[in-house]
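Under the working numbering, read the sequence shown as residues 16 to 285, first letter to last.
None of these hints come from the bench; they were simulated from the model.
Hints should not be assumed to be uniformly reliable.
Claimed, not checked - Using C-beta positions, here's what the derived DEER-type ranges look like:
hint: 1; residue 1: L103; residue 2: G57; range: 31 to 39 Å
hint: 2; residue 1: R59; residue 2: G228; range: 17 to 25 Å
hint: 3; residue 1: G71; residue 2: P133; range: 23 to 31 Å
hint: 4; residue 1: S153; residue 2: G104; range: 39 to 47 Å
hint: 5; residue 1: T227; residue 2: G73; range: 25 to 33 Å
hint: 6; residue 1: G74; residue 2: K247; range: 31 to 39 Å
hint: 7; residue 1: R178; residue 2: A75; range: 18 to 26 Å
hint: 8; residue 1: D108; residue 2: R171; range: 14 to 22 Å
hint: 9; residue 1: L103; residue 2: D58; range: 14 to 22 Å
hint: 10; residue 1: G244; residue 2: A102; range: 32 to 40 Å
Yeah, the Cβ is synthetic: ideal placement off N, Cα and C, and Gly gets one too.
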Amino acid sequence: MGRRSIMPARRLRAPAAAVAAIVVLAAIAAPAGAITFGQLDGDRHPWVGALVAPIGTGGAPDLVCSGTLISPTVFLTAAHCTDFLPALGVDPDEVWVTFDPSFTPAATLLAGTYHQHPRYATGGASNTYDVAVVILDSPVAGIEPASLPAAGLLDRLGLKDQRFVAVGYGTVRDAKQKGQHSLTWDPQRRFVSQGFLALRPAWLQLSMNPSTGSGGTCYGDSGGPHFLGTGKTVVALTVTGDMFCRATDTTWRLDTPWARAFLGQFVVLP
């Protein structure tokens, strides 16, 4: 599994045997992660799920990334979660999504077909166009989708004291010290609150520093949502951050013209 070279993206997934190798993988650039300093989600965010593909041993379904249901048939995730799949022999229509709080061999899998932004990884570090969707074969029953932001929403808000909520499956960090040795793999849905750092044309940077009351994402949460406050409006996607998942989340905004142009092909925009 390669990583895009533009930015140090979060790792796509972290099988138990790979946790000890996270530092090496990060150094050579591997796609995103799991929630740090957060809590088990249970049924708090049932519209957040996981992207699954046949990349496990013997082609078994394995968790790749996180994502969000934004219509009964559209699951939102990151492009670097799908871009590497053809190299592993996985066709666009050979993926699934699960909304189970824990990913296990018995997880309920919903079949779909992925589509990624055609300009993914072409814009340099200023804009990676890192967004994809999975179109599900059948509508999801019993889960109310999350909402997308209005155009330019983040530009109009006073963000200095705004809190955000990240949700995802993957690598866990609960200790402030120990570097990579504090990271463990536990594919359960978790959530955490985050503070604001900076707003860029394509990026929303969020604090995940536990010393200031924040947590964040890590290896295994790519494509997962960052909600505005405690509501259901997903304003950005997990894309990248620092190597040890300790300081900064750099997330891709969903209220921009380029995000809306892509997503508008699949859902009705606010």
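Problem set entry | Structure-inconsistent hints, enumerated in ascending order | The structure breaks hints 4, 5, 7, 8 and 9; every other hint is satisfied.
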